[in-house]
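> Quick note on numbering: the sequence shown equals residues 1 to 278 in full-length UniProt numbering.
Derived from the structure by calculation, the hints contain no laboratory data.
Mixed in with the good hints, there may be bad ones.
Said to hold, decoys possible - Once the Cα atoms are required to be at most 35 angstroms apart in a straight line, the calculated DSBU-like pairs of lysine-lysine come out as:
1) Lys-181 x Lys-266
2) Lys-106 x Lys-58
3) Lys-27 x Lys-199
4) Lys-106 x Lys-166
5) Lys-199 x Lys-181
6) Lys-137 x Lys-181
7) Lys-166 x Lys-137
8) Lys-137 x Lys-199
9) Lys-27 x Lys-137
10) Lys-266 x Lys-88
11) Lys-166 x Lys-58
12) Lys-166 x Lys-88
13) Lys-199 x Lys-88
14) Lys-181 x Lys-47
15) Lys-266 x Lys-106
16) Lys-106 x Lys-199
17) Lys-199 x Lys-58
18) Lys-199 x Lys-47
19) Lys-137 x Lys-47
Claimed, not checked - Label-pair distances were calculated between CB atoms; the ranges are:
20) Val-66 x Pro-188: 13 to 21 angstroms
21) Asp-267 x Arg-184: 32 to 40 angstroms
22) Lys-137 x Asn-2: 30 to 38 angstroms
23) Arg-184 x Ser-22: 43 to 51 angstroms
24) Arg-193 x Glu-68: 27 to 35 angstroms
Every residue gets a Cβ at the ideal spot worked out from N, C-alpha and C, and that includes glycine.
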Amino acid sequence: MNNRERNQRIAQETVEILNSGSYHIGKDTVHIQPELQQAVAGTVLYKPDGVPVEEMRKVEAPHPTVLEVTNETTLHAAQRLLQAGAPKVAALNFASARNPGGGFLKGSMAQEESLAMSSGLYACISPLRAMYDHNTKVRTGLYSDYMSYAPDVPVFRNDTRSLLPKPHLCSFISAPAVNAKIVREREPHNRGRIDAVMKQRIEKILTVASLHGHTHLVLGAYGCGVFENRATSVAGYFRELLLQDERFCGRFQQVTFAILDRSPAKDMVRAFQQSLRS
């Protein structure tokens, strides 16, 4: 069995867990149905013009915001923060614009697929057809500012895809990044919009996190993989908004940029570390 086939098998098992609301570890049955139902019921779909960025005001009682860049997965970072006592952790899902869960049912494995395979996220976002249908129709790699928020989603696998004896809860903001590679190659009329659209989308992501009361975030190298957004640019947008914009400066206690970088030089991790410090 190759990796793709193994991933497909695990994805199918995940779907069965979501449908049944439980799973087995040895002789024990672990139930997630109440938490999953609550997460699905509480999921909010934000239309492109539905995130009230204009209502954000200067933070009156700011926190000293800690930014960290770590070489780990989103799942590992979220669990680590929760185990350290962080309340209300929200993680950014680098969402596919057109397919809920990306290609996880077909055995693909990137950041969103990892989240969909390991949690109840797929059950929360798969009904949100308006977002995916819209992004399919617009026919641009800029996609749109459609995004969703899923609260307290049960996470029941670890990074090795093993089932957890005790699930934990993490909220997810799902938003597609600009596919800068496609825009540069096929949409010359949109090339000059990449930076502004990415910054605006990040602004809306932070607004959604704030609206739902989150103080601890797990972000990452958003759109900097196959979509080829420049790491220094994306890190710069985050830095400007989190540390210089009065609407967000001091709003979050800790922001972790979880970047799984297996390259020898760790170029992506270094780029974010340097850009967030400068």
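> Out of the numbered hints, which ones does the structure contradict?
The structure conflicts with hints 2, 3, 7, 9, 11, 20, 21, although it agrees with all the remaining ones.
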